[in-house]
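**Student:** Given next are the chains, with one letter for each unit.
Number of protein chains: 2
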Amino acid sequence: MTSTQARTASLRPREDPDIPARLAVSADTLHGTHLPTEQFSVWMKEREAAHAFEVVPIPFDQLNGWSFHPQTGNLGHVSGKFFTVEGLRVRQPKQVWHQPIINQAEVGILGILVKEFDGVLHFLMQAKMEPGNPNLLQLSPTVQATRSNYMRVHQGSSVRYLEYFAGAERGRVVADVLQSEHGAWFYRKRNRNMVVEVTGDVPLHDDFCWLTLGQINELMARDNVVNMDARTVLACLPQVPSSSSKDGFRSALALSRDQDAGALHTTAEVLSWFSWQRSETELDIQRIALYDLPGWYRTDTEIAREDGRFFKVVAADVRADSREVKGWSQPLFQPHGLGIAAFVAREYCGVLHLLVHARVEGGFADAVELGPTVQCVPWNYRSSDSPPFLDQVLAAGSSRIRYEAIHSEEGGRFLEAESRYLIVEADHTVPDDPPDGYAWVTVGQLADLLRHGQYVNVQARTLIACLNSLR
Amino acid sequence: MTSTQARTASLRPREDPDIPARLAVSADTLHGTHLPTEQFSVWMKEREAAHAFEVVPIPFDQLNGWSFHPQTGNLGHVSGKFFTVEGLRVRQPKQVWHQPIINQAEVGILGILVKEFDGVLHFLMQAKMEPGNPNLLQLSPTVQATRSNYMRVHQGSSVRYLEYFAGAERGRVVADVLQSEHGAWFYRKRNRNMVVEVTGDVPLHDDFCWLTLGQINELMARDNVVNMDARTVLACLPQVPSSSSKDGFRSALALSRDQDAGALHTTAEVLSWFSWQRSETELDIQRIALYDLPGWYRTDTEIAREDGRFFKVVAADVRADSREVKGWSQPLFQPHGLGIAAFVAREYCGVLHLLVHARVEGGFADAVELGPTVQCVPWNYRSSDSPPFLDQVLAAGSSRIRYEAIHSEEGGRFLEAESRYLIVEADHTVPDDPPDGYAWVTVGQLADLLRHGQYVNVQARTLIACLNSLR
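Going down the list, the sequences are from chains A and Y.
325 is the number that the numbering used here gives to position 342 of the first sequence; each next residue is one higher, with no gaps.
23 is the number that the numbering used here gives to position 40 of the second sequence; each next residue is one higher, with no gaps.
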């Protein structure tokens, strides 16, 4: 925290009154001062050409520096760094399941730097290669750094722009919250989601560009452009007011962000419902040895379930085509099929409400977080009962789909993990009185929870970023 | 959550606009309609006479139903219920410590029922015996129930008033948040802290009384009257506005509650500092066998540290003196000496700020929570360096002490665990620019965090309840 400058220091408003309005100006500015949106694809192609990589599947024994531990079968790096693939057993009163899980204890920073140009806030975004992305290069936050990087900041870090987030001279904080990542694949992984504003000169390095929020919002409509790390940070921005009257849906969305517009349930009731969901969840979670996973098998090239469902662990070699840049190899988690993450939405008295689901995921640090109405890979349920509301989402015609794009999950750990992200208006088959574990809340209520960690899961955060892109 | 009553349902304000003002009326009402404060002690003595108990130290082998596990040495009950005493190893980069810890996995409910009488909110409080309290009987919430009780609610619970908190007919939620308990002695224990308002008739059972917030606030000034469970629930009430001009301190306190009055740091900065503290804390916490605790020994009557510091585990027999009520026996944790929990406070530009400390406690579910400026048992530091600010607090003259009372910690688990709770105005030796791990925040900023779990520890919550009692 910055110095209080002795007792003569003047006080400041607890909430910065200008930030929402300044973000609104940025969101309404579709022509940035640095890179026109129509040249964005060309710029990305140039960055791609500068760092051409190839990702090739390999057997586990060709992983460089990685090996299975002789006793536990856990897959780890010789340095003890990066992450390990271990086993997890999740016991609930009516079921037990086992799965591999990624254990990456370090808290990282996902940070976006913002700065005013010509009176408009611009966001410093990076073209970043991640081996699991189907198109390799996507738009990422200014900084994606692990704590090891973070700690080196005083000895001169190799991570560009890190000093604005972790150093003594860092900028003004707009948002900074420890958020979870995929609870199905990560064991208690969290990252600091940060947005920081600076006023001084900022050098512009290759692979980086300044974009307005309006430009980023346009890119959010495209498939596989804005990466997961960028989406989760964008979701943590303060809500940006709008007075849209483009259509009934957008008007209801604008009111849903407005804290004075009311809601079906008071925030005290929403918090109470959440406390109830969390306190009712009986979970016994145990990290176990990877070799000891009932229902899973290991071959030279994969660790997978005997019934073929959910995901497999594979290995890949990341090869650079120039001599300047080194390649590496690593394990990756690969889901089976395209995922769906959808919020079902409905207007009540002119205010849009989202149907959130209190989800249990084995890797959550605290058992339950709020997820989308539907979050699954439909392929896994081809011969069993569908999760609630999946059929309604899949059956939705285009007139009810208010947002749709395919986005990739964390490309540094997951291979071709793509999901169709949807905002779907509810039809009459979706009840006003939802089943246990589901609740109607406004976008503003979710946004208030997003100031704190462990309330809103990463898929729901992507959907909030998608909703925020609609004005 | 209550039914949405179809799409015709009207919306409600997200925040109930009336509750703070109605709480203020209750806080300003010093004469309740049911039990005058001057008769409170008489009433408590009557309740004490109705349930006279005696607590007698016994050796472990006289515990009824409790035994040390032959392999682990863990102390547990034959039923598998209640709690176990296990070992804990806490590793930090520069130190390792070992200690016994209470493992009580169940989430309980601590709930206070409120209801209007003659237009004034009254709180239903219970005279409850807990074996560890020095005076046995203290004032507790309406309900202190474990989840096992909670689940039985539909089959007719034996816990009085539980249906108002957990049943389908429960009242209107004023507050409901999962809060931690003592991280030094409990492994990840949490309880739902609830305040619920009802309007219908409520039967008044023996051992219960209706008090206004003003009456409770007066009782908060007395030693060992309001128990820990009541104090933590009271701390979770919405902040009650006041426009006190009794003295400069109370004026500054009133402004400290006012969200429009400003603060040294924006809430975004406070949250960022907290994220930083939590993400920087490297902790490796492992539950281990109780027999295997380096530096601890076990005799027939106690498990204690070889150097005599901190606390010991003992056993007690709780004997009823009437044939109607059964006694029981149980282990208890007994600290060595009177604790101190103090907020150092200072006015900046007319607004009171508290110096909070980001504390690491081994039993916290999430490594760090905000605690008082000073929280320790001074006796433990008689031959070593004092914790920061302890000397300043101990040296404070009466002119700087704005609140002082002795309160007991959880009497159901801790034996004679008393602490002096203090609000002390800072003198010149307390820096405006605090050391790492400390920050100046307003009471309102802490209160906002109290709507969410795992931000503010139980000792700091008691101090917030103490501050709230000053008007």
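Treat the hints loosely; a few may be bogus.
When chains are identical, the list treats them as one kind, so a pair holds in a single copy or across two.
[Claimed, not checked] Think about it this way: if two alpha-carbon atoms lie no more than 25 angstroms apart in a straight line, the pair counts; the simulated SDA-like pairs of lysine to any residue are: (1) K77 with A88; (2) K98 with T250; (3) K64 with G291; (4) K77 with R171; (5) K64 with I268; (6) K28 with R205; (7) K98 with T16; (8) K77 with V343; (9) K64 with Q75; (10) K309 with A32; (11) K64 with V79; (12) K77 with E89; (13) K28 with Q75; (14) K98 with T249; (15) K77 with W362; (16) K98 with L46; (17) K309 with V185; (18) K309 with F36; (19) K64 with K77; (20) K64 with L266; (21) K77 with G63; (22) K309 with A204; (23) K64 with Q78.
Everything labelled a hint here was simulated from the structure, so no lab data went into it.
**Student:** Decide, hint by hint, whether the structure agrees.
**Tutor:** Structure-based check of each hint:
no., hint, result
1, K77 with A88, "between (29 angstroms within a copy, 18 angstroms between copies)"
2, K98 with T250, "between (33 angstroms within a copy, 21 angstroms between copies)"
3, K64 with G291, "neither (30 angstroms within a copy, 40 angstroms between copies)"
4, K77 with R171, "both (23 angstroms within a copy, 24 angstroms between copies)"
5, K64 with I268, "both (24 angstroms within a copy, 20 angstroms between copies)"
6, K28 with R205, "within (15 angstroms within a copy, 72 angstroms between copies)"
7, K98 with T16, "within (12 angstroms within a copy, 59 angstroms between copies)"
8, K77 with V343, "within (13 angstroms within a copy, 35 angstroms between copies)"
9, K64 with Q75, "between (32 angstroms within a copy, 18 angstroms between copies)"
10, K309 with A32, "within (16 angstroms within a copy, 80 angstroms between copies)"
11, K64 with V79, "between (30 angstroms within a copy, 22 angstroms between copies)"
12, K77 with E89, "between (33 angstroms within a copy, 18 angstroms between copies)"
13, K28 with Q75, "neither (48 angstroms within a copy, 46 angstroms between copies)"
14, K98 with T249, "between (36 angstroms within a copy, 19 angstroms between copies)"
15, K77 with W362, "within (24 angstroms within a copy, 49 angstroms between copies)"
16, K98 with L46, "neither (42 angstroms within a copy, 67 angstroms between copies)"
17, K309 with V185, "neither (28 angstroms within a copy, 73 angstroms between copies)"
18, K309 with F36, "within (10 angstroms within a copy, 75 angstroms between copies)"
19, K64 with K77, "between (37 angstroms within a copy, 20 angstroms between copies)"
20, K64 with L266, "between (29 angstroms within a copy, 17 angstroms between copies)"
21, K77 with G63, "between (36 angstroms within a copy, 20 angstroms between copies)"
22, K309 with A204, "neither (33 angstroms within a copy, 68 angstroms between copies)"
23, K64 with Q78, "between (34 angstroms within a copy, 22 angstroms between copies)"
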